[in-house]
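Top to bottom, those sequences are chains A and B. For the first sequence, the working numbering begins at 1 and goes up steadily by one. For the second sequence, the working numbering begins at 1 and goes up steadily by one.
Source of the hints: derived by calculation from the structure; they are not laboratory data. Watch out, some of these pointers could steer you wrong.
Said to hold, decoys possible - Residues from chain A that face chain B, not an exhaustive set, calculated with beta carbons under 10 Å:
1. Leu46
2. His50
3. Tyr86
4. Lys91
5. Phe100
Said to hold, decoys possible - In silico SDA-like cross-links for lysine to any residue, where the CA-CA straight-line distance does not exceed 25 Å:
6. A:Lys90 <-> B:Val3
7. B:Lys41 <-> A:Gln78
8. A:Lys15 <-> A:Lys90
Stated by the list, open to error - Pair ranges (Cβ atoms, derived):
9. A:Ser52 <-> B:Gly16: 44 to 50 Å
10. B:Glu52 <-> A:Ala107: 47 to 53 Å
11. B:Gly53 <-> A:Ala17: 25 to 31 Å
12. B:Phe91 <-> A:Thr60: 25 to 31 Å
13. A:Gln45 <-> B:Lys41: 32 to 38 Å
Beta carbons: idealized from backbone N, C-alpha and C, even for Gly.
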Amino acid sequence: AQRVTQPEKLLSVFKGAPVELKCNYSYSGSPELFWYVQYSRQRLQLLLRHISRESIKGFTADLNKGETSFHLKKPFAQEEDSAMYYCALKKPGGYNKLIFGAGTRLAVHP
Amino acid sequence: GAVVSQHPSRVICKSGTSVKIECRSLDFQATTMFWYRQFPKKSLMLMATSNEGSKATYEQGVEKDKFLINHASLTLSTLTVTSAHPEDSSFYICSAEGTSGTISYEQYFGPGTRLTVT
């Protein structure tokens with residue numbers, strides 16, 4: 001069965017420190033992975049997807065099929081990055097059904 | 001950008017009553033809408049996928065007779081929690097996605113509806 005694991009519930013760092021939010025997945029086929037972010041009192045929104053290979057707000061994520069990981073990284077965290085981050089895997093079988101990880105709360109302190 | 005709204009944002013109902021939650025895509029046509037449920041401090045759990053004009057597809061373990069989904073138009077899907085019980089209290093979130101030919105757009109999420117069953 002497909003599964004997304006985010007092992008850390010909370011990641012607390014100081015402003016300017018590097019950040020890595022971990023995401024591992026289990027899926028036998030070619031995965032399509034996403035990172036979603038939810039800022040305080042706001043709705044969930046797409047941050048980035050692996051097929052785009054883009055950098056959004058300084059965040060990047062590389063798909064590592066060998067390690068079945070899709071960790072989210074940013075070299076220098078900012079206070080405004082504080083939010084809940086969810087890793088998601090697109091389910092196979094048509095439609096863009098998403099399987100979400102449990103989420104990691106990132107807290108960036110001044 | 002694409003906006004998805006939900007109504008109501010909060011609802012409190014008595015056990016045994018039914019509650020309807022609306023999900024609207026405000027500035028695009030959503031061929032597919034998704035309904036999620038989020039328990040406190042837990043992740044989003046996909047409940048069902050609805051396509052305009054056809055029956056919803058429910059995920060395993062989700063009672064289709066309890067969570068009625070209707071997708072009557074390209075901009076509106078409704079979730080009705082029938083005969084609600086306290087254990088149905090949760091945060092319900094919808095998302096909407098449009099497509100153009102073979103191209104799928106990303107999912108845009110609504111703000112969620114907090115349901116409390118007393």
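Now the hints, each set against the structure:
Residue-level restraint check for leucine 46 of chain A holds (minimum Cβ-Cβ distance to chain B is 5 Å; threshold 10 Å). For histidine 50 of chain A, the interface hint is violated, since its Cβ never comes within 10 Å of a Cβ in chain B; the closest pair sits about 13 Å apart. The interface hint given for tyrosine 86 of chain A is met, as the beta carbon of that residue sits about 7 Å from the closest beta carbon of chain B, less than 10 Å. With its C-beta approaching chain B no nearer than about 8 Å, lysine 91 of chain A sits inside the 10 Å limit, and its interface hint holds.
The closest approach between the C-beta of phenylalanine 100 of chain A and any C-beta of chain B is roughly 4 Å, which is under the 10 Å cut-off, so the hint is satisfied. About 21 Å separates the Cα atoms of lysine 90 of chain A and valine 3 of chain B, which keeps this hinted pair within 25 Å; it holds. Using a Cα cut-off of 25 Å, the hinted pair lysine 41 of chain B and glutamine 78 of chain A holds, with the two alpha carbons roughly 24 Å apart. At most 25 Å may separate the alpha-carbon atoms for a hinted pair to count; lysine 15 of chain A and lysine 90 of chain A exceed this at roughly 32 Å.
Remark: the range hint 44 to 50 Å for serine 52 of chain A to glycine 16 of chain B is upheld by a beta-carbon distance near 47 Å. The hint said 47 to 53 Å for the Cβ distance between glutamate 52 of chain B and alanine 107 of chain A, and at roughly 41 Å that hint is violated. The hinted window of 25 to 31 Å between glycine 53 of chain B and alanine 17 of chain A is violated, with their beta carbons roughly 51 Å apart. The beta-carbon spacing between phenylalanine 91 of chain B and threonine 60 of chain A, approximately 30 Å, falls within the hinted interval of 25 to 31 Å.
Roughly 20 Å separates the CB atoms of glutamine 45 of chain A and lysine 41 of chain B, a value that falls outside the hinted 32 to 38 Å.
The structure fails hints 2, 8, 10, 11 and 13 (numbered hints given earlier, in ascending order).
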